[in-house]
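K.L.:
Residue-level listing of the chains:
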Amino acid sequence: MADRTAHVSWSGSLTEGGGTITSVGSGAFGPLDVTWASRAEESDGRTSPEELIAAAHAACFSMALSHGLAQSGTPPERLEVDATVTFVPGTGITKIQLAVDATVPGIDENTFRAAAEAAKENCPVSTALASVPEISLQASLT
Amino acid sequence: MPRIVREAEIDWEGTTARGNGVVRALSSGSFELASTIASRVEIHQGKTSPEELLAAAHATCWVTSLGSELARLGIPPERMQVHCTVTMDEVEGAGHRIVASHIAARAALPDASAEALAEAAAAAEAGCPFSALIRASATVTYEATLEEGS
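Keeping their order, the protein sequence lines are chains A and B.
Just so you know, the first sequence maps onto residues 0 to 141 in numbering that gives the first Met the number 0.
Just so you know, the second sequence maps onto residues 0 to 149 in numbering that gives the first Met the number 0.
Just chain A, same shape as in the assembly (with noise of 0.2 angstroms):
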């Protein structure tokens, strides 16, 4: 079992005020600032829920695939993963869209493909936001 923490303080109201994740179990990283209006509006170099997000999934999904990759023989060199999260106030976070462009020696294509997409479905960051209506996924070999 892992537990992971992260801390965050905000002064003042949500659109004057701002807030700073402050630290993280790791110290990998903080403080970071975060305001409604980058969260929102333009980022300003700031980040907000839905990068966070992006990148939780980005990282998840890159080693589910790579330990797939391994299981099945053919492990790979390099993995570039994108996730673009898309966050409509009032609704929610609306879509997910991964990418993953993969420098894999000896598979082919299909079989790569089963392979992104075994990982697209059963990551753990993937089952976690599982109720999100659209999760999409491109994944290409270089």
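There may be inaccurate statements among the hints.
Stated by the list, open to error - Every beta carbon over 10 angstroms from chain A, so not counted as near; a handful from chain B, in silico:
1. GLU89
2. ALA113
3. ALA121
4. THR140
Said to hold, decoys possible - Here are the simulated DSBU-like pairs of lysine-lysine, each with C-alpha atoms no more than 35 angstroms apart in a straight line:
5. A/LYS119 to A/LYS94
6. A/LYS94 to B/LYS46
7. A/LYS119 to B/LYS46
No lab work stands behind these hints: they were computed from the structure.
For glycine and all other residues, C-beta sits at the position ideal for the given N, C-alpha and C.
Please arrange chain B on chain A, whose structure you already have, making use of the hints.
P.N.:
Below, chain B without anything else, positioned relative to chain A:
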């Protein structure tokens, strides 16, 4: 309603077990972080993981929901602190799964009662988009307390 798009990427080299990744915030450019499978499922060793990023996302989402609910009740907060713990566990037959997220909130609310905070916190949990998403697959719990001296 405007559609808001946020993007991140990871470059992963090598296998899961021995390789490593670098995760970047593409929309804001606000972070670039190392991650490995060992730092995810064992000791973090100063490296982040998907679950830690989700904890940061959930805490940030929740604090903005709480702030707007308090404002709706006419008690704008001076300061709010939200701590989030995301738990991943091995589930029989399903492998690793994110099983829980716990929110612990503290708010400095001049002239407001614990009851008012409890009402706002319940509405924040109901309205937080991230809570709504993961409630389908994981247990979401929360507690909210008035900050001492407020």
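K.L.:
Hint by hint, note whether the structure agrees.
P.N.:
Hints versus structure:
Not every C-beta of chain A lies more than 10 angstroms from that of B/GLU89, the closest at about 8 angstroms, which undercuts listing it as non-interface. Interface exclusion of B/ALA113 from chain A stands, the closest Cβ pair being 19 angstroms apart, more than 10 angstroms. Every C-beta of chain A lies more than 10 angstroms from that of B/ALA121, the closest at about 18 angstroms, which supports listing it as non-interface. The claim that B/THR140 is not at the interface with chain A holds, since no C-beta of that chain comes within 10 angstroms of its own (minimum 13 angstroms).
Note on A/LYS119 and A/LYS94: the hinted pairing holds, with a Cα-Cα distance of about 14 angstroms set against a maximum of 35 angstroms. A distance of roughly 28 angstroms separates the Cα atoms of A/LYS94 and B/LYS46; the hinted pair therefore holds under the 35 angstroms criterion. Taking the CA atoms of A/LYS119 and B/LYS46, the gap is about 23 angstroms. The hint holds against a cut of 35 angstroms.
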